[in-house]
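Chemist: Residue numbers (our numbering), protein chains in the order written: chain X, 831 to 1176; chain D, 831 to 1176; chain C, 831 to 1176.
Calculated from the structure, these hints are not laboratory results. A few of these clues could be false.
The list treats identical chains as one, so a pair stands whether inside a single copy or across any two.
Simulated pairs of lysine to any residue, SDA-like, Cα-Cα distance not exceeding 25 angstroms [to be verified]:
#, residue 1, residue 2
1, Lys924, Glu973
2, Lys1069, Tyr864
3, Lys1038, Glu1171
4, Lys1010, Gln916
5, Lys855, Ala1138
6, Lys1069, Gly1095
7, Lys855, Thr997
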Amino acid sequence: MFLRNVWYVAAQAHELTQDKMLARKLLGEDLVLYRDASGAPVAFPDRCVHRLAPLSAGRLEGDRLRCMYHGLLFEPSGRCVDVPGQERIGPNLKLKPFPVVERHRLAWIWMGDPALADPALIPDAHWLEDPAWRALPGYVHYERANYVTIMDNLLDFSHLGYVHENTLGGGRVSAEVIPKLELFDWGLRVSRFYSAVPLPAYLKNLAKFEGPIDRWQIYEWRLAGNLLTMDFGSAPAGKGALEGNRPPDALVFQTVQALTPETEGSTHYFWHVANGFNLDDASITAELHRQTDIAFAEDKFIIQAQQAVIDAHPDEKMVGIAADAALNQGRAILKRMLSAEAGAAA
Amino acid sequence: MFLRNVWYVAAQAHELTQDKMLARKLLGEDLVLYRDASGAPVAFPDRCVHRLAPLSAGRLEGDRLRCMYHGLLFEPSGRCVDVPGQERIGPNLKLKPFPVVERHRLAWIWMGDPALADPALIPDAHWLEDPAWRALPGYVHYERANYVTIMDNLLDFSHLGYVHENTLGGGRVSAEVIPKLELFDWGLRVSRFYSAVPLPAYLKNLAKFEGPIDRWQIYEWRLAGNLLTMDFGSAPAGKGALEGNRPPDALVFQTVQALTPETEGSTHYFWHVANGFNLDDASITAELHRQTDIAFAEDKFIIQAQQAVIDAHPDEKMVGIAADAALNQGRAILKRMLSAEAGAAA
Amino acid sequence: MFLRNVWYVAAQAHELTQDKMLARKLLGEDLVLYRDASGAPVAFPDRCVHRLAPLSAGRLEGDRLRCMYHGLLFEPSGRCVDVPGQERIGPNLKLKPFPVVERHRLAWIWMGDPALADPALIPDAHWLEDPAWRALPGYVHYERANYVTIMDNLLDFSHLGYVHENTLGGGRVSAEVIPKLELFDWGLRVSRFYSAVPLPAYLKNLAKFEGPIDRWQIYEWRLAGNLLTMDFGSAPAGKGALEGNRPPDALVFQTVQALTPETEGSTHYFWHVANGFNLDDASITAELHRQTDIAFAEDKFIIQAQQAVIDAHPDEKMVGIAADAALNQGRAILKRMLSAEAGAAA
């Protein structure tokens, strides 16, 4: 079950070009994506209306798409402008494009009722374009995990000391800090503050200070589009960083992480971790990307293993622990939104 | 859904020997095929009646087939002549052979009611034995395509300029020529004539003339057994070739192409392209075979890609174009024949 | 359908250690097995009660098992002794261990009602620890065979001359000897005696005598746990070996073979062939193991091929032969036991 009347990340900006189609499955539907002559993203179902041949096996002629089975040619609007061997082209020979909007270096797609596709609903991810931040695009393909199972992981920090014992780390303290949880219509905000803790391994090469440090993790999770944006960082302990007085040498980060269901059992995970310091040193962003990539592979391993067990035991109850508070709230809000959408459709 | 009371090509002559069984699935049924002592083809279900071990894991002893699980031995008639450890052999310990007839270097099998298996119904493919023609046997295994999806392709020429843009070619003209369509009880005949067109790339090395040329493609499609036989060729333009006056230097070809369902979702495609000129030059037939093989791989690519989309969207309507005329007729005749067979069985 | 209230072989002794968990599926259930501090085997379902992450992706800390998703720690009793970030641990945060008993170098597991798990019901396999015998553990993983299809093979000797023509051999005589069949509540005993037959190839290097020989095969098959134990051997012909007077130079063997269903369609096959002569020569046991391993791969090949045909033809009747007597009885007893267990559960 997916929310449909929401914007999802379909692709990262660098994935879309005018030369080559990107074939990608989203919400169970095969699509082709490319850029038209103006550079704007275009998304079609990946099948010709004639005999259902995949358009991704076709070719771009300028910004028109030629199906390479029988040669039908379509404009970015979906209109068919050439049928070899035929003069008149009926109005039903038409592709139905999906609304797609590029913003903040992400291509957002609307796969529900097109009449409701209001670009004003696209959530903020401005850090990806803001000159005060630097980020590299990251991607994990979850071949075997439902998006909610991954959402559980993103809303839970007690796993940090175990799944990421040798990378992000944090030890038991990640589980022991009591988060502040705020609920909204759109999702939830979780704030976690760590006072005077050791400097984690992955920050050792970046910090101009040593431990103890104060750390903060303030993240907002939007159920519509499954977007996590997190403000996190570290500063020398006891200088008031947790009260908002972040010193100039604070290491400040901002993530943009989006889960887009591929199918009920597989998920696209688009992520960025931006740094807001030492902007002239590209190696920092590169190293941050590299380390995050390793850590997210650790998540993928355990989440896919967990998903296999869940799938094999569909009726098995889970026994809750205190650390489940945020993910339980996240699931409750999602359930409410799914019901609302189902009700609106009925 | 398959027609059952018809002859299908089970194998090409060279595939059957007296030394070794051929294991092949046809119409969803696993079979073993070999030649008996007289050289005649034999076909059995690929399972021993005793404990269902596959006979293809057994061995030939002369022209008798030994199951190598418990040693039962069967004659080409299907009679069991040896059960180790047992004197008397009951009449139900018997394999049920399928009617198989070899003709024109093809082994034809009847998998419906054996009482109806009249060899007079085997369609003509005499070119494969006729000294006036030369051909090499070709084969494509469609692992993921229903035979009707491939039939669509064989009955359609508008794809030539796109799927085979760099091989068989023909450009838009293939789509633009209006075919003459004749309907019969057994299927349909399509005749296509091209006046004064360029010499296609794949004929450049064979022709003693340059373009413009006249080309003809006259093909008959039999729904029973899915046999396409095509008379096609080229001659210098304006010499009357399209009216039947084929000059001595005309390049004349004859194909024999047969689709035999393997399962509902996979198909055997047995093909030959014979040349009726320069019979002393074996390299012509070899080159013709090589080029056709490449072109048929292009078909396989697009057809299997199309089949995957069709399977994922079983309820999706196709929107017709003018070039669909022949395949629509072919599907209509097939539907009629399937209904007739279902009615006769009821 | 499996019997559940019986002991099954879960693992061979050498597979279980204190350092590393063994992940294994038995009767459709994923388990982890290891040894506790005392060396006793422990078996848990391979899923954490918290969020169902596989425990086999966790780690042992002493003889306690840490789930490496959120860090929950469990004792061999199943009790949870640590939940990071939480003081009080509720009683439902508990793993449910399976009864496991190690005996005769086999770990026996009870996956039915734990209240019925009486170790006195574990069948005898003392030869694996008896100093009068030597054996090496063997294992075959049947990825694609139901245990009953393999049971058929173990209860049938007519296949020896065909499946094992070039290894165990025996030729037609294996099929022609009439076995003595005795039925019991627990299963059946089959006794086969061969007077004055040739020495089979695989014994040529072991015997201090040449043919003709007398051979015996006396095997007991227990349906509960699918355990075959076979007393077999060879001695010079005519010295009374078949009447129980086994001479000192007789080659005496004892097998212990156990089938444990992995799923309905796959099976674990744990086997040992012990020799009771030349105990000082380890190469005899090694060679016996090597040859048996090859022969059992022959069985696996034909059985899995047969299973594929059975699965494709679920309604196909099998036609019986005389050699099926023992396996028919085995199936009848199994059916009775399955009904009894289903009745007891109702």
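Chemist: State whether the alpha carbon distance between Lys1010 and Gln916 is at most 25 angstroms within one copy, between copies, both, or neither.
Modeler: Classified as between; 16 angstroms across copies, 66 angstroms inside a copy.
Chemist: Treating 25 angstroms as the Cα threshold, decide for Lys1069 and Gly1095: within, between, both or neither.
Modeler: neither (46 angstroms within a copy, 64 angstroms between copies)
Chemist: Can you tell me if Lys1069 and Tyr864 fall within 25 angstroms by alpha carbon in one copy, between copies, both or neither?
Modeler: The answer is neither: 49 angstroms in one copy and 50 angstroms across copies each exceed 25 angstroms.
Chemist: Classify it for me, Lys1038 with Glu1171: is the Cα-Cα distance of at most 25 angstroms met within a copy, between copies, both or neither?
Modeler: neither (49 angstroms within a copy, 70 angstroms between copies)
Chemist: If the cut is 25 angstroms between Cα atoms, do Lys924 and Glu973 qualify within a copy, between copies, both or neither?
Modeler: neither (32 angstroms within a copy, 31 angstroms between copies)
Chemist: Classify it for me, Lys855 with Ala1138: is the Cα-Cα distance of at most 25 angstroms met within a copy, between copies, both or neither?
Modeler: Answer is both: 21 angstroms inside a copy and 14 angstroms across each meet the 25 angstroms cutoff.
Chemist: If the cut is 25 angstroms between Cα atoms, do Lys855 and Thr997 qualify within a copy, between copies, both or neither?
Modeler: Answer is neither; intra-copy 31 angstroms and inter-copy 32 angstroms both fail.
When the structure is compared with the earlier hints, violations turn up for hints 1, 2, 3, 6, 7 and for no others.
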